[in-house]
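A.B. asks: Sequence:
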Amino acid sequence: MEKQTFILLIFVMCWKRRRGYSEEFLLVNVGGDFSVFSINAKRFDTCKEIKMHAIKTNRMSYIDEIERLGGINKMYLPTDTTLNIDEILTIENDIGARLPDGLRDFLMKYGVSDFDEEVIFEPISIDAQYIHDEDSSQLDFIFEGSSIGVFYGKDPEEEGAYDIFWNIENYKDRMPSQFLPFATDGMGNQIVMSLKKENYGLIYFWDHEAEWDAEDYYDETGAVMPEEVKYQNLWLLANNFDDFFARLHVEV
1 MEKQTFILLI FVMCWKRRRG YSEEFLLVNV GGDFSVFSIN AKRFDTCKEI
51 KMHAIKTNRM SYIDEIERLG GINKMYLPTD TTLNIDEILT IENDIGARLP
101 DGLRDFLMKY GVSDFDEEVI FEPISIDAQY IHDEDSSQLD FIFEGSSIGV
151 FYGKDPEEEG AYDIFWNIEN YKDRMPSQFL PFATDGMGNQ IVMSLKKENY
201 GLIYFWDHEA EWDAEDYYDE TGAVMPEEVK YQNLWLLANN FDDFFARLHV
251 EV
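Note that the UniProt record's numbering numbers the sequence shown so that position 178 is 178, with each residue one more than the last.
To be clear, the hints were calculated from the coordinates, so they are not data collected in a lab. Check before you lean on any hint, since a few could be wrong.
Unchecked claim - Pair by pair, the computed Cβ-Cβ distance ranges are: (1) ILE142 x ILE85: 35 to 45 Å; (2) GLY188 x GLU215: 14 to 24 Å; (3) SER125 x GLY188: 19 to 29 Å.
What you are looking at is a predicted structure, and each value in this text was computed from that prediction instead of being measured. Glycine residues also receive a C-beta, built at the ideal position from the N, C-alpha and C atoms.
With the hints as constraints, model all of the structure from the sequences given.
C.D. replies: Below, the structure is given as structure tokens:
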């Protein structure tokens, strides 16, 4: 579906939703191949929900969203910072799960990269994924949003701050198991994907300033930190890789 037609589609759906229409409607784009879209606009509470559904139904991928967000810049050119399939398999073997196709493709296509524009995001909820007991001395933080700093790949710099392998190793004991850091906001915080079976593909923001590390937890409680407590500084951003890019927007 052409970009102009897709934007018009969302506008029409929002117009119908605001006026209480409940019937399904059809839009056909004849500028080349036929594209047909049908939806019951009254199923959704907001235009944002309509957009998310339209993107999913039309199979818009992160590549489409990169164009909307102003493009992406490969860093360290002419050095190649992308991953090859063997390196992808190494990550999957280490973590014990296959990467979703979108993230696989991104790592092999872009590597260490950043947006040309200032691109920002907000969490689905400002509350963390784990709330401490009332008798705990640990504070519960809120998170309202940040910006994309750099996506990871193979960092050619000696310190390797943007190297995905270094970040996996560095954070593996500080996050829930099978969590993969793939980007940073540039302020020490991580954008991570869960590869765990129960929340596979979900994307979170990991805030280092809200971290209660395992050693401090043991000193205070006398116990080993349970896995669920490691969600204390995680905020849900998106349901999958394409959804993550769909929720990003350029700072104005």
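A.B. asks: Okay, ILE142 versus ILE85 on CB: inside 35 to 45 Å?
C.D. replies: holds, 40 Å
A.B. asks: So does SER125 sit 19 to 29 Å from GLY188, Cβ to Cβ?
C.D. replies: 22 Å Cβ-Cβ, so the 19 to 29 Å window holds.
A.B. asks: Is 14 to 24 Å right for how far apart the beta carbons of GLY188 and GLU215 are?
C.D. replies: Holds, at about 19 Å.
In the structure shown, no violation is registered for any of the earlier numbered hints.
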